[in-house]
Amino acid sequence: MNEPKAELSCREAARLMSLRQDTNLTPAEQEDLKEHLYQCLGCRRFEEQLAFLRTLAGRYARGEV
Amino acid sequence: MAKSENVKQSSQQAALYAEVESHRGYLLRFATAKLRDGDQAEEVVQEALLAALEGVGSFAGQSSLRTWLTSILKFKIIDYQRRVISDRAHFASAPDEDQEDPAWMDRMFDDTGHWAPRLAEWTNPDNALQQKQFFETFERCMDKLPKAASRVFFKREVMGVDTEEICKEESITASNCWVMLHRARLALRECLDRNWFQGART
Numbered sequence: 001m002n003e004p005k006a007e008l009s010c011r012e013a014a015r016l017m018s019l020r021q022d023t024n025l026t027p028a029e030q031e032d033l034k035e036h037l038y039q040c041l042g043c044r045r046f047e048e049q050l051a052f053l054r055t056l057a058g059r060y061a062r063g064e065v
Numbered sequence: 001m002a003k004s005e006n007v008k009q010s011s012q013q014a015a016l017y018a019e020v021e022s023h024r025g026y027l028l029r030f031a032t033a034k035l036r037d038g039d040q041a042e043e044v045v046q047e048a049l050l051a052a053l054e055g056v057g058s059f060a061g062q063s064s065l066r067t068w069l070t071s072i073l074k075f076k077i078i079d080y081q082r083r084v085i086s087d088r089a090h091f092a093s094a095p096d097e098d099q100e101d102p103a104w105m106d107r108m109f110d111d112t113g114h115w116a117p118r119l120a121e122w123t124n125p126d127n128a129l130q131q132k133q134f135f136e137t138f139e140r141c142m143d144k145l146p147k148a149a150s151r152v153f154f155k156r157e158v159m160g161v162d163t164e165e166i167c168k169e170e171s172i173t174a175s176n177c178w179v180m181l182h183r184a185r186l187a188l189r190e191c192l193d194r195n196w197f198q199g200a201r202t
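Chains A and B supply the protein sequences, listed in that same order. Numbering of the first sequence is given in our numbering, commencing with residue 1 and proceeding in unit increments. Numbering of the second sequence is given in our numbering, commencing with residue 1 and proceeding in unit increments.
Treat the hints as calculated values from the structure; they're not laboratory data. Treat the hints loosely; a few may be bogus.
Claimed, not checked - Short derived list, chain B residues pointing at chain A, Cβ under 7 Å:
id, residue
1, R66
2, F109
3, D110
4, W115
5, R118
6, P125
7, E157
8, V158
9, T163
10, W178
11, H182
Note that the coordinates shown come from a computational prediction; the quantities given were computed from them, not determined experimentally. Glycine included, C-beta positions come from ideal geometry on N, C-alpha and C.
Only chain B is shown next, with the shape it has when bound in the complex (with noise of 0.2 Å):
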């Protein structure tokens, strides 16, 4: 092989682990929201990385760099859960949200139960899904939620698992699991609201 064909190679290959490693934020919150263990997602967050470097070969840009590293990523989970299943302590149920709604929800609504204020009209929402300072703020807003919230919404919306699944995973009651969703996604709208699209308004 020529020198120069091996530096375009290995240029080639120090830009692809660059990308490869720019998920790494998403398969950690993605690994944390099945295993609920922030030190064990990150072994498998590893693990699955070095995976996917050893055989990028047969990565075949069908589908996106992402959503290939999370069909390895959920081979690796898989793996780790059926070593650690015996150790039941991990997944010990959350505890049940409290059914009375909490303080920052009273104070989205007025007395008679409206808008207090009226909810804003988002400007531009899809030019915003182009910007990646946009996703940053969305993975702040997530990471903001209470533990449990975040991990349930992060299955329901990012993960696309349905309720019923996410009820066995959590041991919590479908009720409790809707309740949560809602709350989550209150709390996101709010955060959004105010953290990109108020100053867009402005």
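Next up, chain A with everything else stripped away, as it sits in the complex (with noise of 0.2 Å):
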């Protein structure tokens, strides 16, 4: 019997996304933020500029402006 599940709030989608940018996520973590994703507008603006941040960092130690 499937479980209901539990939906994600945006603040535990947030941690999950800054969590995988340095470890890996469970299996059962990457499907219910996935879902959570599609759903949620202002979460997938933060996964970008997640991976801005990150791109920021690159540059910035390259000292490339």
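Hints in hand, dock the two standalone chains.
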């Protein structure tokens, strides 16, 4: 029997997206996150902005402006 | 050598000095992240810059100047750490971050855990990457973070160190490290939003 899935909050989704930059998520976490992102525009923006932050830090390290 | 050649050479040298000097702020942050001590960091950066200017002939221009300077600095830092390795006081562990989320994080979300307000889109982020001012804003935002968080973020994202090594260096647990990184990213995101992208939206 499938248990009703507790939906991820944005707060929790944001934590997982950040964690994903540093380590692997469990399959369940990946699944929950994917589902949340599908329906949440704010979190999709957070995802983009996190990726941008990493690009920014890399550029900064090379001093390319 | 003709006189004009001399003049040309010395003005080239002056330009190079200025160019090298313009990376001092970055190098200081790098050294501070490694050594945790502003005074020690300044000392090491000074050594590295002097070494760089002496050996500038060996800069082949294959990597960026900053990358080259950073590699010299890394050697100087290792040197320095060897010299002070017996003095363990410098490496006293950072206090464990409180696992409870701070109040500023509570303010980013409503009671049900949704963004409040919903995050706005960043327009033209690639354009921002072309602007010196944007990197200055980024530096100011990093400086506003709590010291330990700023150091951990710098190591992870700028220096590209993996979390396992950061944990060891900082004497913190992995979960603590992830909490610190997440908070740092949230805070930086908000700081960049407020001080750069919001202005571009209005």
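Hint check results:
Restraint check, B/R66 versus chain A: the minimum CB separation of about 3 Å is within 7 Å; hint holds. Because the closest C-beta pair between B/F109 and chain A is about 5 Å apart, less than 7 Å, the hint holds. At its closest, the beta carbon of B/D110 sits 9 Å from a beta carbon of chain A; the interface hint therefore is violated under the 7 Å criterion. Taken as an interface hint, B/W115 checks out: its beta carbon lies about 4 Å from the nearest beta carbon of chain A, inside 7 Å.
Using the Cβ-Cβ criterion of 7 Å, the hint placing B/R118 at the interface with chain A is satisfied: the shortest such distance is roughly 4 Å. At about 5 Å, the closest approach between the beta carbon of B/P125 and any beta carbon in chain A falls short of 7 Å, and the interface hint on this residue holds. Using the Cβ-Cβ criterion of 7 Å, the hint placing B/E157 at the interface with chain A is satisfied: the shortest such distance is roughly 4 Å. For B/V158, the interface hint holds, the least distance from its beta-carbon to any beta-carbon of chain A being 5 Å, beneath 7 Å.
About 5 Å separates the beta-carbon of B/T163 from the nearest beta-carbon of chain A, less than 7 Å, and the hint is met. Because the beta carbon of B/W178 sits about 6 Å from the nearest beta carbon in chain A, less than 7 Å, this interface hint is met. The interface hint given for B/H182 holds, since its Cβ lies 4 Å from the closest Cβ of chain A, which is under the 7 Å cut-off.
Violated hint: 3 only; the structure is consistent with all others.
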